[in-house]
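**Student:** The chain contents come next:
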Amino acid sequence: RIMRPDDANIAGNVHGGTILKMIEEAGAIISTRHCNSQAGEPCVAALARVERTDFLSPMCIGEVANVSAEISYTSRHSVEVQVNVMSENILTGAKRVTNKATLWYVPLSLKNVNKVLEVPPIQYARKEQEDEGKKRYEEQKLDRLETKQRNGDVILPVINPEPHTVGYSQSSLIHLVGPSDCTLLGFVHGGVTMKLMDEVAGIVAARHCKTNIVTASVDAINFHEKIKKGCVITVSGRMTFTSNKSMEIEVFVDADPFVDEPRERYRAVSAFFTYVSLSKEGKPLPVPQLLTETEDEKRRFEEGKGRYLQTKAKRQAQMQQAAQ
Amino acid sequence: RIMRPDDANIAGNVHGGTILKMIEEAGAIISTRHCNSQAGEPCVAALARVERTDFLSPMCIGEVANVSAEISYTSRHSVEVQVNVMSENILTGAKRVTNKATLWYVPLSLKNVNKVLEVPPIQYARKEQEDEGKKRYEEQKLDRLETKQRNGDVILPVINPEPHTVGYSQSSLIHLVGPSDCTLLGFVHGGVTMKLMDEVAGIVAARHCKTNIVTASVDAINFHEKIKKGCVITVSGRMTFTSNKSMEIEVFVDADPFVDEPRERYRAVSAFFTYVSLSKEGKPLPVPQLLTETEDEKRRFEEGKGRYLQTKAKRQAQMQQAAQ
Amino acid sequence: RIMRPDDANIAGNVHGGTILKMIEEAGAIISTRHCNSQAGEPCVAALARVERTDFLSPMCIGEVANVSAEISYTSRHSVEVQVNVMSENILTGAKRVTNKATLWYVPLSLKNVNKVLEVPPIQYARKEQEDEGKKRYEEQKLDRLETKQRNGDVILPVINPEPHTVGYSQSSLIHLVGPSDCTLLGFVHGGVTMKLMDEVAGIVAARHCKTNIVTASVDAINFHEKIKKGCVITVSGRMTFTSNKSMEIEVFVDADPFVDEPRERYRAVSAFFTYVSLSKEGKPLPVPQLLTETEDEKRRFEEGKGRYLQTKAKRQAQMQQAAQ
Numbered sequence: 001r002i003m004r005p006d007d008a009n010i011a012g013n014v015h016g017g018t019i020l021k022m023i024e025e026a027g028a029i030i031s032t033r034h035c036n037s038q039a040g041e042p043c044v045a046a047l048a049r050v051e052r053t054d055f056l057s058p059m060c061i062g063e064v065a066n067v068s069a070e071i072s073y074t075s076r077h078s079v080e081v082q083v084n085v086m087s088e089n090i091l092t093g094a095k096r097v098t099n100k101a102t103l104w105y106v107p108l109s110l111k112n113v114n115k116v117l118e119v120p121p122i123q124y125a126r127k128e129q130e131d132e133g134k135k136r137y138e139e140q141k142l143d144r145l146e147t148k149q150r151n152g153d154v155i156l157p158v159i160n161p162e163p164h165t166v167g168y169s170q171s172s173l174i175h176l177v178g179p180s181d182c183t184l185l186g187f188v189h190g191g192v193t194m195k196l197m198d199e200v201a202g203i204v205a206a207r208h209c210k211t212n213i214v215t216a217s218v219d220a221i222n223f224h225e226k227i228k229k230g231c232v233i234t235v236s237g238r239m240t241f242t243s244n245k246s247m248e249i250e251v252f253v254d255a256d257p258f259v260d261e262p263r264e265r266y267r268a269v270s271a272f273f274t275y276v277s278l279s280k281e282g283k284p285l286p287v288p289q290l291l292t293e294t295e296d297e298k299r300r301f302e303e304g305k306g307r308y309l310q311t312k313a314k315r316q317a318q319m320q321q322a323a324q
Numbered sequence: 001r002i003m004r005p006d007d008a009n010i011a012g013n014v015h016g017g018t019i020l021k022m023i024e025e026a027g028a029i030i031s032t033r034h035c036n037s038q039a040g041e042p043c044v045a046a047l048a049r050v051e052r053t054d055f056l057s058p059m060c061i062g063e064v065a066n067v068s069a070e071i072s073y074t075s076r077h078s079v080e081v082q083v084n085v086m087s088e089n090i091l092t093g094a095k096r097v098t099n100k101a102t103l104w105y106v107p108l109s110l111k112n113v114n115k116v117l118e119v120p121p122i123q124y125a126r127k128e129q130e131d132e133g134k135k136r137y138e139e140q141k142l143d144r145l146e147t148k149q150r151n152g153d154v155i156l157p158v159i160n161p162e163p164h165t166v167g168y169s170q171s172s173l174i175h176l177v178g179p180s181d182c183t184l185l186g187f188v189h190g191g192v193t194m195k196l197m198d199e200v201a202g203i204v205a206a207r208h209c210k211t212n213i214v215t216a217s218v219d220a221i222n223f224h225e226k227i228k229k230g231c232v233i234t235v236s237g238r239m240t241f242t243s244n245k246s247m248e249i250e251v252f253v254d255a256d257p258f259v260d261e262p263r264e265r266y267r268a269v270s271a272f273f274t275y276v277s278l279s280k281e282g283k284p285l286p287v288p289q290l291l292t293e294t295e296d297e298k299r300r301f302e303e304g305k306g307r308y309l310q311t312k313a314k315r316q317a318q319m320q321q322a323a324q
Numbered sequence: 001r002i003m004r005p006d007d008a009n010i011a012g013n014v015h016g017g018t019i020l021k022m023i024e025e026a027g028a029i030i031s032t033r034h035c036n037s038q039a040g041e042p043c044v045a046a047l048a049r050v051e052r053t054d055f056l057s058p059m060c061i062g063e064v065a066n067v068s069a070e071i072s073y074t075s076r077h078s079v080e081v082q083v084n085v086m087s088e089n090i091l092t093g094a095k096r097v098t099n100k101a102t103l104w105y106v107p108l109s110l111k112n113v114n115k116v117l118e119v120p121p122i123q124y125a126r127k128e129q130e131d132e133g134k135k136r137y138e139e140q141k142l143d144r145l146e147t148k149q150r151n152g153d154v155i156l157p158v159i160n161p162e163p164h165t166v167g168y169s170q171s172s173l174i175h176l177v178g179p180s181d182c183t184l185l186g187f188v189h190g191g192v193t194m195k196l197m198d199e200v201a202g203i204v205a206a207r208h209c210k211t212n213i214v215t216a217s218v219d220a221i222n223f224h225e226k227i228k229k230g231c232v233i234t235v236s237g238r239m240t241f242t243s244n245k246s247m248e249i250e251v252f253v254d255a256d257p258f259v260d261e262p263r264e265r266y267r268a269v270s271a272f273f274t275y276v277s278l279s280k281e282g283k284p285l286p287v288p289q290l291l292t293e294t295e296d297e298k299r300r301f302e303e304g305k306g307r308y309l310q311t312k313a314k315r316q317a318q319m320q321q322a323a324q
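Protein chains in written order, with full-length UniProt numbering: chain A, 1 to 324; chain B, 1 to 324; chain C, 1 to 324.
The hints are simulated quantities; they were obtained by calculation from the structure and are not laboratory data. It cannot be assumed that every hint is accurate.
Note that the list lumps identical chains together, so a pair holds whenever it fits in one copy or between two copies.
To be verified - With a straight-line Cα cutoff of 30 Å, these simulated DSSO-like cross-link-like pairs (lysine-lysine) come out:
hint	residue 1	residue 2
1	K298	K95
2	K111	K228
3	K283	K115
4	K245	K305
5	K111	K229
6	K127	K226
7	K298	K127
8	K127	K229
9	K280	K141
10	K134	K283
11	K280	K95
12	K312	K245
13	K115	K228
14	K229	K135
15	K314	K228
For clarity, every value in this text was computed on a predicted model and none was experimentally measured.
Excised from the complex, chain A in its bound form:
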């Protein structure tokens, strides 16, 4: 679809959240279609996880987004989908790859939302494809267990914070989950959640560096818990790390099922977003260093540095591999 003014920031760059939402919609469609392709209990595919995704180049208002999706692996109860986003300037005809993403879906019964159904297996062209898919499946399973443990943290307000401290840029928003946010099962689309997360992360980044910012990448996101229609969700973000030219922001989503259900507020999702600051010509600008004050902030900064260096090393290894 064509990118509209409301999809973009003041500088005309489309929000990463808009792109994540389109990616998730494509993934939900292809995996729901696949899981219903054999006669049996009707179901809706729910997003369980998005793998780390890089935003290779920013999109602009008026460009057309081409989203294509393909199922790359099926386990007994989950579907792996590869989604590619190409942006096309329809006036010049120029096209470029904007995003590649990998998503995991789980089919839930339309009649009983707590029942996970079986996934019809796909055919692989080569045996190695199945083996590689299985390896990815095992890896993400492990990683999901890990983030589940990290989920206890909360963000507290700070009075009169100094510029460039964590408290200075931390932000949160609340959103009442309405019908248009939800799937046929009455649960929030994963894409809607990701769009809100990107919105908060973008506010944190802009508050910190006070320039035009764009999403550079999103770390793997795990959707541990569904969020029901009528919930209030609180999306909170705080900066955890800065390199010379990038900022890492941790975002939490808490759901508050305050009507109709005797249940406590719970952590539904958390993730790391990386932002860069762009000059008017679209070049990356230096970013003010994050000032850490508490022990927790210093620890999180070091952890963020670890993720940054790991990603950098991985990218260099890939480039060397590509150059061989």
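Please build the complex by placing chains B and C on the supplied structure of chain A, with the hints as guidance.
**Tutor:** For chains B and C alone, coordinates are given in the frame of chain A:
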């Protein structure tokens, strides 16, 4: 959240209706949460009334709106909520108060929408807070009875009206109530109604003075009757009074439950909006005087003058009090 | 309502699809109201057909659209509605007619969606009005049978197409039908479908001529089949014909009820859109000629030429009649 191009007029000023909608969403969330805080029948808080609110300074595209809400009084069956809106330029970090509003909600049972539930009482820091709240409660109760009587009026089309007459600028729009306009109970959010009312009032004001206009204040609004999903609502506005630099517009909302229910069209809400005209530099401009023709129009003009002078006197009294 | 940035293209011209959506909303409201005007089974009017409509002049951001609707004929099971759209510049007060459209609706029972109810007859001022209405009714009935047969075609992707060929500009989008797209019966509003069709047609036109384009007219559209909530719809467009200054694009809508229903993908709607290319001053520009390659493309080009010449002849006849 960040203000988008669709939230604003051509001059980049955010519509008052967008701000009213955010205020009401915040009020609905906090009061619904409070009314469900004790075990008992689940409920949804429905907007009963918004007190007069002033728009202290216009917001612009790209600014972030910070909305905070607090419960200030509870009667047996209603909740009073104070909502503050701060606008923040995230690039400069500058913040200012945009709005302060007081809203009254009533908890309706999720199982039986016609049943008003009891509100859990709040604790007051000082006895005077409870007494002042009670006084506000009694005052609004009286005022709600009064507007109920005024509600019989209708707006008729005028052929070939002269510029600056009432008929020249009067306007109306219709809207089919869809699922995304409604609460869990299937009734229109008060904030959605107020946004439509501001849209019509803005069109009336722009037709009259043909310049860039912004909402300056909204008089108390009483929500006498709920509006159900599937209704068509007609929102009509006509100018009632002009001072040198302001315009008062009366707005009616009529609901037409034309499907599924054997019921006549009825008046659901009515209110007065005050608009000012702004120059390119954001200074208030003189406004052409409203030409009244009929006896009714002259009477409404005088009544509007009364409200204008009363508000002016109240504001001067507050400023003197503040100066002491 | 006021036209917003998201309603328009980059040049500030409001999308034809936005206008079609407003027209259909007005038609659905007036015909649903009429069909429920007598005691009996409650119903919702579903769009069956839109007659050919011309976009007489483009609307711009900030203008107000005035939509008025009137019932002009009723048969036993259908309602004909005339809708007029006027655009008004509220700053200058200038008004002009933007569109005139004729729509046909059929009342479906709210309790049993497959049951078509009877329409209360309207009163005609003159006997000729009824006769002319009956003639229009018979004509559209014939035409609906014809398009039903044409509906088998599909659009296949082309690898590395040459500029200005059919394959070069053909486009498609998918959309997951959500609650806010649907009527009370849980089926997609005809207006939502037409807005998506116009979006795809606009992308095809822009890809072909790489300039600012606007919708000039839409041929009669028949809605053969309803589309249910939860379906995925694929909207595909391909260019069929170019004259010196216009482009004809054929658009198909296919619905895929992949959840909850054991049914194949089916063709729900198809139509022809005509676009023109505009200079910065709003004058029509010459359009590159469409290069046809296959026999089918050549045949469709000739058929498009037939429609183009027929419309041109009809318009000239009308102008001569008006001049007499």
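**Student:** Regarding K314 and K228, is the shortest C-alpha distance of 30 Å or less found within a copy, between copies, in both, or in neither?
**Tutor:** Close neither inside one copy (38 Å) nor across copies (46 Å); limit 30 Å.
**Student:** My question is about K127 and K226: at a cut-off of 30 Å on alpha-carbon distance, are they close within one copy, between copies, both, or neither?
**Tutor:** For K127 and K226, the Cα distance exceeds 30 Å both inside one copy (34 Å) and across copies (43 Å).
**Student:** Since the copies are identical, ignore which copy is meant and state whether K115 and K228 lie within 30 Å (CA to CA) inside a copy, between copies, both or neither.
**Tutor:** Answer is both; intra-copy 16 Å and inter-copy 24 Å each pass.
**Student:** Given a CA cutoff of 30 Å, do K245 and K305 count as a within-copy pair, a between-copy pair, both, or neither?
**Tutor:** within (13 Å within a copy, 57 Å between copies)
**Student:** Can you give me the call for K280 and K95, within, between, both or neither, at a CA distance of at most 30 Å?
**Tutor:** Close inside one copy (22 Å) and across copies (25 Å); limit 30 Å.
**Student:** When no copy is named, should K280 and K141 be tagged within, between, both, or neither for a Cα gap of at most 30 Å?
**Tutor:** Cα proximity of K280 and K141: none, with 42 Å in one copy and 55 Å across.
**Student:** One pair to classify: K312 and K245, alpha carbons no more than 30 Å apart. Within, between, both, or neither?
**Tutor:** Within one copy, since 13 Å is at most 30 Å while 53 Å is not.
**Student:** When no copy is specified for K283 and K115, does a C-alpha distance of 30 Å or less occur within a copy, between copies, both, or neither?
**Tutor:** neither (49 Å within a copy, 60 Å between copies)
**Student:** Is it within a copy, between copies, both, or neither that the alpha carbon of K111 lies no farther than 30 Å from that of K229?
**Tutor:** For K111 and K229, both the intra-copy (17 Å) and inter-copy (16 Å) Cα distances are at most 30 Å.
**Student:** If the cut is 30 Å between Cα atoms, do K298 and K95 qualify within a copy, between copies, both or neither?
**Tutor:** between (42 Å within a copy, 29 Å between copies)
**Student:** Pop the pair K111 and K228 into one bin, within, between, both or neither, using alpha-carbon distances up to 30 Å.
**Tutor:** both (16 Å within a copy, 18 Å between copies)
**Student:** When no copy is named, should K229 and K135 be tagged within, between, both, or neither for a Cα gap of at most 30 Å?
**Tutor:** Intra 35 Å, inter 37 Å, cutoff 30 Å: neither.
In this structure, the hints that do not hold are numbers 3, 6, 7, 8, 9, 10, 14, 15, in rising order.
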